[in-house]
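Asker: Residue numbers for the sequence shown, in the working numbering: 111 to 236.
No lab work stands behind these hints, which were simulated from the structure alone. Keep in mind that a hint or two might mislead.
What the hints assert, rightly or not - Each pair of labels, with its calculated beta carbon distance range:
| # | residue 1 | residue 2 | range |
| --- | --- | --- | --- |
| 1 | E168 | A119 | 20 to 28 Å |
| 2 | S236 | K112 | 41 to 49 Å |
| 3 | L231 | A119 | 29 to 37 Å |
| 4 | Q133 | A233 | 23 to 31 Å |
| 5 | A233 | I161 | 41 to 49 Å |
| 6 | L115 | S236 | 36 to 44 Å |
Just so it is clear, the structure is predicted and the values come from calculations on it, not from any experiment. Idealized CB from N, CA, C, for every residue including glycine.
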Amino acid sequence: MKPLLLVAAGGVIGALARFALAQVMAKSLTDSLFPWPILTVNLLGCLAFGILAEIGIERGLLTAGTQLFLFTGILGSFTTFSTFGYETLYLLRSDKILLALSYVLASVIGGVLALYAGTRLVAKLS
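Construct all of the structure, not just a fragment, from the sequences and the given hints.
Answerer: Written as C-alpha cells, this is what we have:
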C-alpha cells in the first residue's frame with residue numbers, strides 16, 4: 111500500500127504543477143499557435159528527470175520509495191515524455207542504437223497514428 115500512496119501523492123503534485131505552469135504560460139502567449147506550454151513542460155520534465163536520475167538512480171542516492179514518489183509520481187504526472195526520454199537514453203547508453211531509434215519512431219509515429227485512429231473511431235460512431 112505504501113508504494114501506491116507514494117505514487118498517488120507525487121502524482122497530485124506533478125499534475126498540479128503541469129496544470130499551473132501551462133496555465134501561466136498560456137495566458138502570456140495568447141497569440142502563439144505553437145504549443146509552448148506543453149513543450150516547456152516536456153523539456154523541464156526531461157531536465158528534472160535527468161538530474162534526479164543521475165543523482166538517485168545512477169549514484170544510488172535515492173531509496174526505492176523516493177524514486178517512486180519522484181519519477182513515477184511527480185514526473186510521471188508532470189510529463190511522461192521525461193520517462194520516454196530516459197528510456198531512450200538508457201538504450202543509447204547501452205549501445206542499442208537501432209532499438210532506441212525504433213522506440214523513438216514507434217512512440218512518436220505510433221502515438222500520433224493512435225490519436226488519429228481514436229478521433230476517427232469516435233467520428234464514425236457519432
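Asker: Indicate, hint by hint, whether the structure satisfies it.
Answerer: Hints, verified against the model:
1. The beta-carbon spacing between E168 and A119, approximately 24 Å, falls within the hinted interval of 20 to 28 Å.
2. A hinted range of 41 to 49 Å for the beta carbons of S236 and K112 is consistent with their spacing of about 44 Å.
3. Taken as a hint, the range 29 to 37 Å holds for the pair L231 and A119, whose Cβ atoms sit roughly 35 Å apart.
4. Our hint of 23 to 31 Å for Q133 and A233 holds, since their Cβ atoms are close to 29 Å apart.
5. Between A233 and I161 the CB atoms are about 42 Å apart, so this pair conforms to the stated range of 41 to 49 Å.
6. At about 40 Å, the beta-carbon gap between L115 and S236 stays in the expected band of 36 to 44 Å.
In this structure, every one of the numbered hints holds.
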